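Oh and the sequence shown: position 1 is 1 in the numbering used here, straight run, nothing missing.
Calculated from the structure, these hints are not laboratory results. It is possible that some hints are incorrect.
Here are the in silico distance ranges between beta carbons for each label pair [unchecked claim]: (1) V42 x G102: 29 to 35 Å; (2) E134 x E100: 18 to 24 Å; (3) G87 x G149: 36 to 42 Å; (4) G104 x L29: 19 to 25 Å; (5) R50 x R138: 23 to 29 Å; (6) W81 x K135: 19 to 25 Å; (7) D75 x L11: 20 to 26 Å.
On a predicted model such as this, the values are computed, not experimentally measured, just so you know. Glycine is no exception: its CB is placed at the ideal position from the N, C-alpha and C atoms.
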Amino acid sequence: ILALYDAGEALEIACDAGQCWALLCDPRLIPEWVTGVAEAHVLASDEAGRPIQVRFGGMPSVGSLDYVMAYRYDDAARVLWWETLPGADRRITGEARLVELGPGRCRLDYALGSKVGDTVPPWARASLAGDTPEKVVRSFQRFAEARAGRAGA
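With the sequences and hints as input, model every part of the structure.
Right, dumping it as C-alpha cells:
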C-alpha cells in the first residue's frame with residue numbers, strides 16, 4: 001500500500017479487529033483521537049448508514065481548516081479509503097487496513113498522502129507537518145485500547 005502514498009506505518013493494537021473496525025469506520029469519532037481535528041459532521045451516508053462524506057474542522061483557537069472527506073469501505077477485507085473532495089486547500093488520500101492477529105489483537109496498516117496548497121496559511125502548514133502516519137497510528141492505538149479496556153471492564 002505504501003507505493004501509492006507519501007508515508008505509512010503499521011502497529012499492533014491490543015483490541016479485537018471487529019471492534020477496531022467499528023471505531024475506524026466512524027469518522028465522527030476522529031476528534032477523540034486525532035489532535036488537529038476539533039469537529040466532524042456527517043454530510044452523507046451509504047445504505048449501511050456509514051458516513052461517506054464528512055466535513056472536518058480543525059484548530060478553531062487559531063483559525064480553522066475545514067475540508068470534506070469522502071470514504072469507501074471494504075468490510076470483508078477490513079480496508080477503509082479516504083480522500084478530500086476536489087477543490088480543498090489540502091489534498092489528503094489514505095488507506096487503513098486491519099489485520100486480525102488472534103483473539104483481542106490486530107494490526108493497523110496505515111498509509112497517507114498529503115499535499116498542502118499555496119493558499120494554506122503558514123501557521124497551518126507548520127501544524128500539518130506534524131501529522132505523520134506514526135503519530136496518527138499511535139493515537140488510534142491508545143484510543144482503541146482504551147475503548148477495549150472499557151468494554152472488558
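Hints, verified against the model:
no.: 1; hint: V42 x G102: 29 to 35 Å; in the structure: holds, 33 Å
no.: 2; hint: E134 x E100: 18 to 24 Å; in the structure: holds, 22 Å
no.: 3; hint: G87 x G149: 36 to 42 Å; in the structure: holds, 41 Å
no.: 4; hint: G104 x L29: 19 to 25 Å; in the structure: holds, 20 Å
no.: 5; hint: R50 x R138: 23 to 29 Å; in the structure: holds, 25 Å
no.: 6; hint: W81 x K135: 19 to 25 Å; in the structure: holds, 20 Å
no.: 7; hint: D75 x L11: 20 to 26 Å; in the structure: holds, 22 Å
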